[in-house]
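Fit chain H to the known structure of chain S by using the hints.
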Amino acid sequence: MNVTQLSAFVANKPGHLQKVLKVLADENINIITLTIAETSDFGILRMIVNDPDKGYKVLKDNNITSSVTDVLALEINDTPGSLFNALDVFAHLNLNIEYMYAFTEKREGKAVMIFRFEDIEAAKKALKDKGYNIVRKIDIIGENK
Amino acid sequence: MFNREIESMPVGKMKELQLERLKWSIKHAYDNVPCYKKKFEAAGFHPDQFKSLDDMKRVPFLTKQDMRDNYPYGLFAVPMSKVVRVHASSGTTGNATVVGYTKNDVNTFAEIVARSLASYGVSENDILQNAYGYGLFTGGLGLHYGSEKLGALTIPMSGGNTPRQLMLMQDFGTTVLCSTPSYALNIADYIENNMPGFDMKSLKLRIGVFGAEPWTEEMRGEIERRLKIDAYDIYGLSEVMGPGVSAECSEKNGLHVFEDLFYVEIINPETGEILPEGEKGEIVYTSLTKEAFPGIRYRSRDITRLYHDSCKCGRTLVKMDKVSGRTDDMLIIRGVNVFPSQIEAVLIGFEGVEPHYQIVVDRKGSMDDIEVMVEINEKIFSDEIKVMSNLSKNIADRFRSSLGITAKITLVEPRSIPRSEGKAVRVVDKRKI
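Heads up: the protein sequence lines correspond to chains S and H, in order. Quick note, the first sequence lines up with residues 1 to 145 if you use this note's numbering. Quick note, the second sequence lines up with residues 146 to 578 if you use this note's numbering.
It is possible that some hints are incorrect.
[As the list claims (entries may be wrong)] Just the calculated beta-carbon pair ranges, DEER-fashion: (1) D574(H) to R136(S): 52 to 60 Å; (2) N50(S) to S534(H): 29 to 37 Å; (3) S268(H) to N2(S): 56 to 64 Å; (4) I97(S) to N535(H): 42 to 50 Å; (5) K57(S) to S534(H): 21 to 29 Å; (6) K130(S) to V572(H): 36 to 44 Å; (7) S534(H) to E108(S): 56 to 64 Å; (8) K531(H) to G109(S): 32 to 40 Å; (9) R309(H) to S82(S): 58 to 66 Å; (10) N50(S) to I477(H): 38 to 46 Å; (11) S534(H) to Y132(S): 26 to 34 Å.
Just so you know, the hints here were simulated from the structure itself, not pulled from any lab data. All residues carry an ideal CB built from backbone N, CA and C; glycine is no exception.
Chain S on its own, in the form it takes in the complex (with noise of 0.2 Å):
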């Protein structure tokens, strides 16, 4: 099981963000992290969010164009050097990350990376090989070791 992404199409105009976030926090949706990709026309919401599929659902229900995409969360300790580490393994094997972002966990000393894959189970493999924790589902990060 991946842990899954939710993405909302946002013009590039003042309010419109507000918008998509008003429909989720209506209906008690909590962001975990987010990210956001411009151009100068529109945007690319990202989210990991605590109920993916409740978070499509309301965003269809309210006209907003978004999607759920399987990505692939990596814990890895919050310290000088961990991120550059894990990458080598993609690099090594000639795996392309589409886009990246991250957020520190509240327990002490480790960091969450969400990777976006063409290839999303070539990417976990080479992981797994290397010893590495892949996070299965978010919202129990902490508890799932």
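Okay, now just chain H, sitting in the frame of chain S:
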């Protein structure tokens, strides 16, 4: 050929036939329709003065507005007891326009559709599924009567309900599909999205007859490739008769006008002056045999050109180009004529792209700037920027290659393009010229 004598008549002989019929038709309109009498008199023209085709230029035009003003039966030229059918346009921009047919007119209508079908290679051995809407719209009944006249087995399916359309195609062994070109693409989409592993070759479909909306060579290519058929254009307008005013032949290169029944001219839409053969302009129709609803110099607003070539199909009838657009909504952008219908055709070529678009034309300095806003939907949305920017780039490339214009493509949120009465506002021209 369904009617070899007419369809391969020498050009000179055709002109004689036209002149003789024009004299009758113009007089018929003048004698029986007050609107024509008034118009002719105001222009100082009397049907007795009509001696040669050259006199056409003296005959006043009939416009869409005249039809609206005479709603519903004001332009009928026979007693109501002789009218056996009416059709009507939707009337989105005013009164509906109502057209009538006598028994003879209904036969003529069937004749032109039968000729069209025969020119695509349809015969009595075919099974024709008519997916045009049956009703006030001329497409449904028009194709139906023509197909029966030709002797093909005719399935009166009407439009919509794609799963059922496909079921009938399979079970009934349909060989010919009639619909709008965009509906044909819908069918292809439906198969690709919902019927994985479906083999088009399991259908007997071989010919598609498409009309009622402008479409491009690109769309033809796409329909032919995806449905594995030969796609042909059928052209017509209810004010003149309905589909079958002109039709492509096996050459797929221009439409032959059934000019024994419709006299055609190309005029300059600004001045009304008749343009020489081969020049592009507005096509004007005069009915030659119609009884119930004669149309004398009806301004279609459709833009095309007329020409004679030695068509390999053997028809000597004058040809017209596929209609590229209408005079009422033509845009001139950096000197290039662009029609919203062409922009639509480009967008339809992209799978999943909604037909909800808006064209904004502005003038920056001395240059025209064109922006095409396209509403995004789930089918084309991606969480990856590169996928989204490739989409805009591909659409822009297609605009450049097929229309010769450089447009900025802006992807916008669903339902953000203003709609009036449910229809999108297609063109916003901000230029102050």
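Here is what the structure says about each hint:
1. D574(H) to R136(S): 52 to 60 Å: holds, 55 Å
2. N50(S) to S534(H): 29 to 37 Å: Hint holds: Cβ distance 31 Å, inside 29 to 37 Å.
3. S268(H) to N2(S): 56 to 64 Å: Check passed, 57 Å falls within 56 to 64 Å.
4. I97(S) to N535(H): 42 to 50 Å: Hint violated: Cβ distance 18 Å, outside 42 to 50 Å.
5. K57(S) to S534(H): 21 to 29 Å: holds, 28 Å
6. K130(S) to V572(H): 36 to 44 Å: violated, 58 Å
7. S534(H) to E108(S): 56 to 64 Å: With Cβ atoms ~40 Å apart, the hint is violated.
8. K531(H) to G109(S): 32 to 40 Å: holds, 35 Å
9. R309(H) to S82(S): 58 to 66 Å: holds, 59 Å
10. N50(S) to I477(H): 38 to 46 Å: violated, 55 Å
11. S534(H) to Y132(S): 26 to 34 Å: holds, 32 Å
Checked against the numbered hints above, the structure violates hints 4, 6, 7, 10; every other hint is satisfied.
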